[in-house]
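Asker: Since each chain comes alone in its own frame, lean on the hints to assemble the complex.
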Amino acid sequence: DIQMTQSPSLLSASVGDRVTINCKASQNINKYLNWYQQKLGEAPKLLIYNTNNLQTGIPSRFSGSGSGTDYTLTISSLQPEDFGTYFCFQHNSWPYTFGAGTKLELK
Amino acid sequence: EVQLQESGPGLVKPSQSLSLTCSVTGYSITSNYWGWIRKFPGNKMEWIGHISYSGSTSYNPSLKSRISITRDTSKNQFFLQLNSVTTEDTATYYCARATEGIAFDYWGQGVMVTVS
Numbered sequence: 001d002i003q004m005t006q007s008p009s010l011l012s013a014s015v016g017d018r019v020t021i022n023c024k025a026s027q028n029i030n031k032y033l034n035w036y037q038q039k040l041g042e043a044p045k046l047l048i049y050n051t052n053n054l055q056t057g058i059p060s061r062f063s064g065s066g067s068g069t070d071y072t073l074t075i076s077s078l079q080p081e082d083f084g085t086y087f088c089f090q091h092n093s094w095p096y097t098f099g100a101g102t103k104l105e106l107k
Numbered sequence: 001e002v003q004l005q006e007s008g009p010g011l012v013k014p015s016q017s018l019s020l021t022c023s024v025t026g027y028s029i030t031s032n033y034w035g036w037i038r039k040f041p042g043n044k045m046e047w048i049g050h051i052s053y054s055g056s057t058s059y060n061p062s063l064k065s066r067i068s069i070t071r072d073t074s075k076n077q078f079f080l081q082l083n084s085v086t087t088e089d090t091a092t093y094y095c096a097r098a099t100e101g102i103a104f105d106y107w108g109q110g111v112m113v114t115v116s
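Just so you know, the protein sequences line up as chains A and B, in that order.
1 is the number of the first residue of the first sequence in the numbering used here; add one for each residue after it.
1 is the number of the first residue of the second sequence in the numbering used here; add one for each residue after it.
One chain only, chain B, in its complex shape (with noise of 0.2 Å):
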């Protein structure tokens, strides 16, 4: 069974990055697309962008600037890099496998990030 974990700091403080890593057992990322959202307090959630089996990758326009998503195959892992951060970067954030044509069908419990 696809399993993704999300592991990374859990406190930022403001203009700095924020690294996140997605590490997923039981289905190889060189196959479908894996991706990054984000719940917001108060529960408004964000699509923040994802990278497909061959690399390629597709951010929200209201991030890109400021986003990099990677990935390391041997590690079957991705990563999530927010660059410049402010408070209102404060959220849950989820990785997830994509299917095309399905969109988002497994996810992780989610890493609480607090910028301050």
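In isolation and in its complexed conformation, chain A is listed as follows (with noise of 0.2 Å):
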């Protein structure tokens, strides 16, 4: 199974900060990468798939960026409505992982 190491675990930051939230695979998955955002007690929210592409809907302060093993999410100005838990998720090959989550809170 591919292995997703994501940094950091918590991330305390405030309101127009940018932020950078990073996935690294255990080996090469081609761009197929996801980041979802999740708030307590809600569904998880698609952000960006396949490293680079923003859901429709999701505000443009959202971007993702990597290749190979390493991915990045960033937040260009956090918003209030910004803190919850993220994590990224691979699916270039069974069985699709996920990294562990990043919970990011207000400073």
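Bear in mind the hints are in silico, worked out from the structure with no lab data behind them.
Careful: at least some of the hints might be erroneous.
Within a straight-line C-alpha distance of at most 25 Å, the following computed DSS-like cross-link-like pairs (lysine-lysine) qualify [to be verified]: (1) B:K39 - A:K24; (2) A:K45 - B:K44; (3) B:K44 - A:K103.
Label pairs and their in silico Cβ distance ranges [to be verified]: (4) B:V2 - A:L54: 10 to 20 Å; (5) B:G8 - A:L106: 26 to 36 Å; (6) A:K107 - B:Q16: 42 to 52 Å; (7) B:T86 - A:T56: 33 to 43 Å; (8) B:K13 - A:R61: 43 to 53 Å; (9) A:P80 - B:Q109: 13 to 23 Å; (10) B:P9 - A:G41: 18 to 28 Å; (11) B:T87 - A:S60: 42 to 52 Å.
As the structure is a computational prediction, the values presented were derived from the model and not from experiment.
Ideal Cβ positions, reconstructed from N, Cα and C, are used throughout, including at glycine.
Answerer: Shown next as structure tokens:
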């Protein structure tokens, strides 16, 4: 199975900050990397698919980059509604696997 | 808009079977792929498997001997059955739609299942 190492596990930031979250795969996943946001009690929301494609309706302050084994989610200017948990997900090979998640909290 | 809603018992006894239903509105399950994912206490997530528009299935090898994903197209629902559960199957179970090449793009809110 492909292991996804996500960092940091906890991120404290302020409104307006630029933040980055990283995922490292144990092998090349050919950019088949998605990012999701989840708030307590809600369904996960797809933000970015296949490394750098913004899902419809997602604000442009969210962006993704990467290749090979290393991928990054960037939020250019944090908004109050962005606090929650973020996780990465690889769908290059079965079984699909997830990162452990990053909790983004208000500093 | 696509909406998914999981339902099923919140408590299952060890060694019994866990059965969940995902009801889909706003989109036909005869298109795309439809999957199950679970989130354990402590937040680790695991892809369980999915069923395609044609009814073919793919399962996580770690669970393959215990799971079955089926569907009822007349009700636009799909189902998860997990047999011989243990306390380690305690998790929040999500159903989701997958689009080819994009993977899971719409999710349900999840249903918490405790094995005890």
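Asker: Does each hint fit the structure? Answer for all of them.
Answerer: Results for each hint:
no.	hint	result
1	B:K39 - A:K24	holds (20 Å)
2	A:K45 - B:K44	holds (17 Å)
3	B:K44 - A:K103	holds (13 Å)
4	B:V2 - A:L54: 10 to 20 Å	holds (18 Å)
5	B:G8 - A:L106: 26 to 36 Å	holds (35 Å)
6	A:K107 - B:Q16: 42 to 52 Å	holds (46 Å)
7	B:T86 - A:T56: 33 to 43 Å	holds (40 Å)
8	B:K13 - A:R61: 43 to 53 Å	holds (47 Å)
9	A:P80 - B:Q109: 13 to 23 Å	holds (22 Å)
10	B:P9 - A:G41: 18 to 28 Å	holds (19 Å)
11	B:T87 - A:S60: 42 to 52 Å	holds (44 Å)
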